[in-house]
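**Student:** These are the residues of each chain, in order.
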Amino acid sequence: MGNGSKLKVEICLGTTCFILGASELQDLAQYLEPELLDRVDIIGRTCLGFCKDRKFDGAPFVRLDESIVIERATVARVTEKIKAMLKEKDAE
Amino acid sequence: MTSEKTPTYELPSPEETFVEIECCSRTKTGETACGDDFRSVRIADEGRHIAVLSDGLGSGIKASLLSNMTTTMALEFVRRNMEIVQSAEIIMDTLPVCEYRKISYATFTVFDLLPGGLTRVVEMDNPPFIHLRNGHDLKWPADILFSERWPDRKLAISKFRMVQGDRLIAFSDGVTQAGLGSDACKFGWRREGALAYIQKLVDADPLISARELSERVVAEACTKNPQHRCIDDISCLVIYLRKPRRLRLLTGPPFNQEDDRDFAETVLNFDGHTIICGGTTANLVARELGRSISTDLKLIKYCGGLPPPSKLPGVDLVTEGILTLTECVRRLESGEYRDAPLPVSNIITFLLESDVIEFIVGTKVNEAHQDPRLPVDLEIRRNIIKKMSGILEDKYRKKVMIQYF
Ligand code: FES
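Just so you know, the protein sequences line up as chains E and W, in that order.
Counted from 1, the first sequence has number 61 at position 61 by the working numbering; the numbering is strictly sequential.
Counted from 1, the second sequence has number 302 at position 302 by the working numbering; the numbering is strictly sequential.
Under the rule of at most 25 Å between Cα atoms (straight-line distance), these lysine-lysine pairs were calculated in the PhoX-like manner:
no.	chain 1	residue 1	chain 2	residue 2
1	E	Lys52	W	Lys311
2	E	Lys8	W	Lys311
3	E	Lys8	W	Lys298
4	W	Lys364	E	Lys52
5	W	Lys298	E	Lys83
6	W	Lys301	E	Lys8
7	E	Lys81	W	Lys298
8	W	Lys364	E	Lys55
9	E	Lys6	W	Lys298
To be clear, the hints were calculated from the coordinates, so they are not data collected in a lab.
Looking at chain E on its own, in the form it has when it is part of the complex (with noise of 0.2 Å):
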C-alpha cells in the first residue's frame, strides 16, 4: 500500500491546541494497535488556525484526511474515529 492511501492524521502542535491536551496527542502513535498504525500517517503541524475560528467547539484539534475535524481531540476520540473512517474507506 503506497502513502498515498494511508489516512492522513494531523496532529495540531499550536499554542492553545498543546496547552489544552495535544502534548497527550502526540503520542497517538503509541495508543494505535499496529494493524491501524501501518494504516495512517501522523503528522505534526502547527496552528491549523481552528482555535481562531468561531465555528469551532475547541482545542485541542486533529484533523483526518484533510477533511474531517476533530474538536476536543482525545487519544480515545481520535482512535474512533480513524477506525470508523478505515472502515468506510474498506467498504468503498
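Go by the hints and put chain W with the ligand onto chain E.
**Tutor:** Chain W with the ligand alone, transformed into the frame defined by chain E:
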C-alpha cells in the same frame, strides 16, 4: 513596510567590529562561592570596553569577597582614567588582611579596549595574558611598575593595537596550575599548555566564539585534575573582535494583514541567522514565500513538555511561540540553560552565539488565547520579548533591537 514604520534604530554596519567578551568560571569543588571574579563594561559613548578578571587569595567566600572588591574598584579606576600605580595601591590598602598570612591579596588582569583597536593591559600577578592573531601568540613589551608602599607587588602594563579577528585571553592560575603534580603535567598545564590547546581549537574553528572558547579552556583544565575535579577556582576570560553575528527572531503575526508580505520578507536576504517562534507566524511566512513547514514528531521526547521544533526552508529554526519563549526567558534569567528542552536550547544557542539580535514582533492579538479554558498566565508576546531583550542586554551583553509590526 510603509515608510512611517521605517525602523528608527541604527544598525551597526557590516564592517563594524563587535567586541565579544565572555568569561567562564568554575568554582572549586566543595566551595559555595567562586574566588575568581569577572566584570566588564561597555561604555557606548566612548566606544570603549573594559574587562577585569581577578583571583582572590585562597578560596570560598573570603576569596570571593577579595576578588569582587578588586574587580569593582579596578573597573571604576580604569574607567575614570586614574593613575594606575595609585589605583593598585588603593585596592591593596582596601582589601581586608588575611589573618594567617597577614597579607591582603587578589591578582588581576584588566583589558581596556579603546576605539580604533588601541588596547591597554594591566596585570598584577595573574598568568600572563595571550594576544592571539592568526593563531600566533603576539608578545608585547611591558612596562613594569612598582609601588613604593607595596614593593613586592609589580604591575605589568602593555599597550598595543588590535585588529578584527584578534583575541585576548586571560586566566586565573586554576588554569595554568591544573593537573599540578600529576604524571602527565608535573608543573601543571601551564600557559604553554593552555596556549597550545587554544591554538588547536582556533585552528579547527577560526570563528570560534569567545563564549565557546572560554568554556572549552575551563573544561579542558578540569580534565587535567584528578577525577576531573576543580582543585582551585578555574576561570578563563576571552575577548574576541569579530564581524558582528546577527540574528533575526520573528514572533507573532503583524497587526495589519496587509503587512504580512513585508513581514515575511524580513527573513529573505538577511546576512545572519533567522528564527521564527510561533506556529501562526511560521504559517504566514510559509504562505507568503510559497514554502512548506514540516514537523518531526520523533523529536517530541527531547522537548520536555513543549511542542517540537519544525522546519521551514530558508529559516534556521521554527518553534512554537509563547510557551517556548516563556521558558527561554526563565532559563536565560537563571542562567541554567544547559539541560533545557530541545526547542529552548536551540533558541538559546542561537541567541548566545549572536552579537546583534533583532526581534521582529507582530502585534496581532491571538484570538485563540481568549479561550477561557486557557491558563491566565499565558503572557503577552510583547512583554515576553521586552523582558528577554532586557536580560540579553544586561546579562549577556548583546545588542538588541525590537521592531513592531
Ligand atoms: S493551535 Fe491548534 S488550531 Fe490553533
